[in-house]
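Produce the entire structure from the sequences given, and follow the hints as far as they go.
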Amino acid sequence: MTWHLCRLPFFEKVHYDLAEKLEQWRTENCDLFDLHPDGNYRPIYRKVLGRLATAGLLDHLLPQTKGEVIPRPDVRSLCIIREALAFDSFLVDAIFIMQGLGTAPLWHHRDRALRERVLSACRAGTQIAAIACTEPSGGSDLAQVATTAALDGSNYVLNGEKAWITSAGVADHYIVVARTGEGPGARGLSVFLVPATVAGLEVDADVPMIAPHSIGSLRFINCRVPASNLIGAAGSGFKAAMRTFDIFRPTVGAAAVGGARRALQETLERAKTRQMFGRKMSELDAVQARVADMVTDTEIAALTVYRAAWMSDVIGGRISRDAAMAKLVATEAASRVIDSAVQLFGALGVARGSVIERLYREIRPLRIYEGASEVQRMIIGRSVLAGLDE
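In terms of numbering that gives the first Met the number 0, the sequence shown opens at residue 0 and continues consecutively.
Careful: at least some of the hints might be erroneous.
To be verified - Distance ranges between label pairs, derived from CB positions:
#1 Gln-342 / Pro-225: 52 to 60 Å
#2 Asn-39 / Thr-125: 13 to 21 Å
#3 Leu-113 / Glu-22: 50 to 58 Å
Quick caveat, the hints were computed from the structure, so don't treat them as lab data.
Where is the CB? At the ideal position from N, CA and C, for every residue including glycine.
Here you go:
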């Protein structure tokens with residue numbers, strides 16, 4: 000199956016050049032799309048990250064420092080990469096994007112030596128990054144984080160649990176959101192860089208999911224990290240997390256668009272070749288109507304995603320509402336598109352091992368992670384209503 004970047008008003012030449020590079024990379028690295036973890040994800044991470052680094056694709060996630068400043072990544076480029084990777088493999092896509100999610104708060108770290116050491120290793124694919132926000136009782140409500148970090152001399156002591164952490168047991172470090180108590184709720188959170196080897200950190204990585212995904216839980220038991228590993232000011236953790244989500248939520252939508260495009264292409268091939276009731280499926284009115292809805296959903300999703308990415312790159316500032324819209328619209332639309340593909344494929348659509356069955360399992364988590372659809376609706380609704388009150 001061939002992926003290509005659709006022409007939209009939000010792109011510049013550099014984006015079409017990146018798309019051509021990705022098409023070639025996909026052809027040369029197609030062996031990565033059929034990897035089977037069998038519970039051991041570390042070799043797969045190393046292999047995938049090595050290939051991504053060699054091609055310079057991780058550079059888009061981790062821009063080089065210019066003097067004292069680390070430029071924001073081009074979100075349109077990140078979305079293009081995720082769309083292309085998810086077209087073939089949601090696992091490869093997840094491995095790619097976690098290098099960004101697990102390092103983004105470090106862009107603002109005052110310790111330049113520490114920052115550069117970690118970012119350089121992650122850019123080279125030799126260090127695996129992860130972020131730990133979610134907790135067993137809090138879900139998508141980041142303000143309810145209960146993990147604590149108490150200052151003790153020159154160290155912070157962390158205690159608590161994190162759940163549903165991507166790359167748990169594989170990562171070399173975790174970006175951890177913990178409560179330092181400068182204020183109630185969201186105002187009392189801070190962000191820490193926690194090495195995976197630190198004493199007092201226990202990892203349970205044996206959590207089977209409906210689709211291949213390295214995920215697990217973390218437990219901090221009197222886990223001591225240097226105070227220099229505090230990222231930004233104490234109490235600024237919630238803002239740091241929101242800045243990160245503003246950048247990466249549109250890219251979740253882009254991955255969803257990639258999955259929708261793959262399902263649509265598979266469906267078109269099926270409809271053009273399968274015979275039903277004495278003629279091709281593609282000639283049936285009901286099939287044409289279903290395909291029309293699939294195409295429309297996919298293109299609306301792409302427009303919403305790349306609009307948000309363009310706003311981040313060109314307009315700048317906070318784009319929380321637009322990022323939330325991109326994630327909500329695209330993940331919900333892709334779920335409908337892939338569900339329609341299952342329906343048109345019939346029994347083959349739910350047969351274990353078929354492309355459509357795989358996509359059906361893989362698309363569902365996107366409506367949950369980095370803020371469930373309900374959370375995105377809250378963000379959008381509050382933003383709009385606050386604007387009406389001005």
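Hint by hint, here is what the structure shows:
1. Gln-342 / Pro-225: 52 to 60 Å: Check passed, 55 Å falls within 52 to 60 Å.
2. Asn-39 / Thr-125: 13 to 21 Å: 19 Å Cβ-Cβ, so the 13 to 21 Å window holds.
3. Leu-113 / Glu-22: 50 to 58 Å: At 37 Å between Cβs, range violated.
Going through the hint list in order, the structure does not satisfy hint 3, though it satisfies all others.
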